[in-house]
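Asker: Heads up: the protein sequence lines correspond to chains C and B, in order.
So in our numbering, the last spot in the first sequence is 313, and the numbers never skip.
So in our numbering, the last spot in the second sequence is 137, and the numbers never skip.
Hints listed in this document are in silico derivations from the structure and should not be mistaken for laboratory results.
Here a beta-carbon is modelled for each residue, glycine too, at the ideal position from N, C-alpha and C.
It is possible that part of the hints are untrue.
Said to hold, decoys possible - Covered stretches of chain B (chain C as the covering partner; in silico rule of three or more C-beta atoms under 8 Å from a C-beta of chain C):
| no. | region |
| --- | --- |
| 1 | 57-65 |
| 2 | 69-83 |
| 3 | 116-130 |
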Amino acid sequence: EVQLVQSGAEVKKAGESLKISCKGSGYSFTYWIGWVRQMPGKGLEWMGIILPGDSDTRYSPSFQGQVTISVDKSISTAYLQWSSLKASDTAMYYCVRQDGSGTFYFDYWGQGTLVTVSS
Amino acid sequence: QTVVTQEPSFSVSPGGTVTLTCGLSSGSVSTSHYPSWYQQTPGQAPRTLIYSTNTRSSGVPDRFSGSILGNKAALTITGAQADDESDFYCALYMGSGIWVFGGGTRLTVL
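Just chain B, same shape as in the assembly:
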C-alpha cells in the first residue's frame, strides 16, 4: 500500500523560512500527483493552502509556496509567523479517483 511520508515535526523561528516535504515510500512525487497542502489548527477543519503543486488557494498569503524538490513535493513558508504554528498535511492523487494523505507535520514557531 502506498505510504506518503512527511516529517513528523519541524521547528522554525519567527521570520524564518522552513520547507516541509511530502514523499512516497516507493517512487517519486511528480506534478501528475497533483500535490496539495492543507493546514489544520487545533479544533478546526483543515483549510486548503496549495494545490496542483504550486497554486495558492484563494486568500492564502504569498509567504506560502509549493514546489517539487528532487523527488518530493515541498511546502515552503517564508517569513514564518506565530499563527503559522499548526499541522500541515499533503495529499497526493494516485489516479483512478484514489487519494492518499501524508501523516502530517506539526510546525512549531519559536
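So that you can see chain C by itself, here it is in the shape it has in the complex:
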C-alpha cells in the first residue's frame, strides 16, 4: 500500500528554523514529491516539487527563496524547510506524490503537518 507519512505538528516562534518530513512507503521512491500549503480557512497552494533520483527541484514563484525542498532517497523521505519562520507560515502542509505514468496529477497525499508560528 502506497503511503506518505508526514512528521508531527510543530509549534515554533518567529525567526526559528524548521524542517518537516514526508516518508514514502509501499512503492519505489522515484516519483516526484511535492508540497502544498493550506493556510487557516484558505485554499490549496502548490509550493514546489522534487525528483528523488537527482534532486531536480522546481518551485512556485510565490515560494522560491522562501523555503527549501530536499530529499534523502536512502530513507525515502522528502523535506520542507524554513531558515527563519514568520507568523504567516502558520498553515497545514501536505506532501503529495505526482503520478509517474505520464498522466500529471497528485495520486497520493500525506496526512498533513500543522505548523504554528507565534510572533
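Got chain C sorted already, so can you dock chain B onto it with the hints?
Answerer: Then chain B, alone, in the frame of chain C:
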C-alpha cells in the same frame, strides 16, 4: 503570475446536477494542462477525484465526471448527495514541473 479561477461557492439540491469550472486568468484551459480535481472535507487531507481532464481516480463514484467546457475545465456532479458537500479544487499543470491550484469552490448541498 498565472491565476486559476474557480467559483468561490455553489449550491445544489440533493439529487441535482452541478458543474464547477476551472479557468485561467489569461488563456484557455486545455487537455495539455492535465486538469485534475480534488475534494476536501473539513479536517481531512484532499482526495483525488479526476485526473487528465476526465479520468476518475480509483473508487470515485461515476456521478463525478470531468470535461473541457469551452475554455475551462469542468467537474460535473450528477445526482448530488449530502456527503458531496465539501471544497473542490482544480489543479493545472503549467509545464516545466510547475503546478497551480485554483482557489477552490465550496459546494453546499441543500
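Asker: If a hint holds in the structure, say so; if it does not, say that too.
Answerer: Results of checking the hints against the structure:
Interface restraint, the region 57-65 of chain B with chain C: holds (3 residues with C-beta to C-beta distance below 8 Å; minimum three). Restraint check on the region 69-83 of chain B versus chain C: 7 residues with Cβ-Cβ distances below 8 Å, three needed, restraint holds. Counting residues of the region 116-130 of chain B whose beta carbon lies closer than 8 Å to any beta carbon of chain C gives 11, which reaches the threshold of three, so the coverage claim holds.
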